[in-house]
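Hey, can you work out the whole structure from these sequences and the hints?
Residue numbers (the working numbering), protein chains in the order written: chain A, 1 to 305; chain B, 1 to 270.
Not one of these hints is a red herring.
The list that follows gives simulated cross-link-like pairs (lysine-lysine, DSS-like), each with its CA atoms no further than 30 Å apart: (1) A:Lys13 to B:Lys94; (2) B:Lys186 to B:Lys94; (3) A:Lys58 to A:Lys263; (4) A:Lys158 to B:Lys29; (5) A:Lys158 to A:Lys263; (6) B:Lys257 to A:Lys108; (7) B:Lys186 to B:Lys257; (8) A:Lys55 to A:Lys263.
The set of hints was computed from the structure by calculation and includes no laboratory data.
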Amino acid sequence: MARASGSTWFHRKQTRELALVGCFLLPALTIFFLYRILPLGWNVWLSFNSWSPLKGAKWVGIDNYQEMLFDDDVFWDAFANTLIFIGCSPIAIALAFAIALLVNSDLKGAAVYRTIVFLSYPLMTVAVGIIWRWLYDERGGFINYVLRSSGIVDQPVKFLQSFDWALACVIAAEFWQVLGFYMIILLTGLQSIPQHLYEAARVDGVPPYARLLRITLPLLRPSIFLCIVVGILNSFTSFDLVYVMTNGGPGHATELLITYIYKAGFGQTRFDYAAALTIVQFFLLVVLTVIANKLSGGNAGSLER
Amino acid sequence: MRRAPSWPRHAIMIAVSVLMLIPFYWVLKTSLTGENIYAYPPRIVPVDPHLYNYVDVWYLIPFPRYLLNSLIVTAMAICGNLLFNTAAGYALTKQFPGRRWIVLLLLSCMLIPFQATIIPAYLITAQLGVLNTHLGIALPLLSTIICIFIFKASFESVPRSLIDAARVDGLGEWRIVVRILLPLSKSAVATNVILTFIWSWNAFMWPLIVTRSPEMQTLPLGLARFLSVLEDTTGALYAFVVLVLVPGLAIFLMAQKEFIRGLTSGATKG
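Below you can see the structure in the form of structure tokens.
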């Protein structure tokens, strides 16, 4: 009798606890359901339909994808630019790695250098775009001023209006902003490497470059993987930068998939086509992340604990 | 012990620092320049520095309006985050069936970039009837997965005996969180506030999509609008840029440690 009442008491307590957990989790989960999970499914559904806010949905199968792959040159421009954008991020990661190695040593004032390099990361990206537009400006810009006064060019270069230079210029601005973040990720990784490994290697007479190759780089793999993922994600988040600096121009020379998604969706009100573009970009992101994960040793436990 | 001299490393780092700081200096210089900003060659030091451009910002654009909108959205995002993330973080410290699945769900949600959801997110926001409102801008920013896990880790490090003692004293669950756990998790709170501030203060793409009328625009939208309406013909644009950057930079410099901890905790908690 006592046992029975004890177990109902236990059950009641458990139900109450469960209700509490549910109430506490509900608001956050609602946000993530509305703005992460539901959109993902909705995107897939939209991409197989012909749909606009005024007319109903009509199932069209893979028509949107067919148009994208075979009849849309802008898509291929944007796709190539996105790949170039992502493909350049290892350069920034390598630079950040060099800086991290320098700052990680017992250098006096390392904290100050660290702050300076990181300072551009928390800035508003729209403002970063305006700053860099101004640096590239052919009249008042710093870069043209330096190039002209050092005699490298005679005529000012219209960087952001040039088909050859525009994409490289946007990528350089993006480097400036994100370099500090890569540095911090790599620094955190460097500081988690046990010092005694280096001491043991030094005692054994291992030269510095071998210590770098055999100890630092292998143990830094999770951090490097994380940097690469950040680089891939930046092809999404750089919308702000491209929108302000070039808005995809000249022509479509700096069009990224994300800016094209925006233009298709909110410029031409083709939500269905924009959804199909999103699916392609998301797929690209997943594939690249899986490849990066494989390359970094297949066990990047940093994201999936 | 053999030691390499440190000056080459200093030299490299000073060069890097100068390169990183030039854009800041150039925009600050331009904002203070009184003469034609397009004069060539541009001067390295402003000849006759004054704050004329900063005054101009108040007359050329509805700066107070943008500022107010940004502040409202940021305040909403910070309140939402503190409330929802502490609640969810506390719930995850408890054992319950399906806990593993929820953690897995949250971790996989982290991999979906918000920008990949904009088309349906816009349609959902339209369905909810909050397009072109502060709430509509703030809604997707109201909770952050990384911060939920930061709170969870912080709450788990509080001794169980303390929580049990509070429960014996008859404190309800929510009061345990507010009275016992939060005061002991100051650094998690700081991290959450700072990250949310920076993210909502800087947010551009989502407000661009959700807002229709100029009087709902936030500071980043105001900047982009200034650029497209007035072109970059006046130094006031750069004064505006400086004004917008100062709060973010100030907060970052004051709470650098918490900010960096928050950004890297997703990476290192592993």
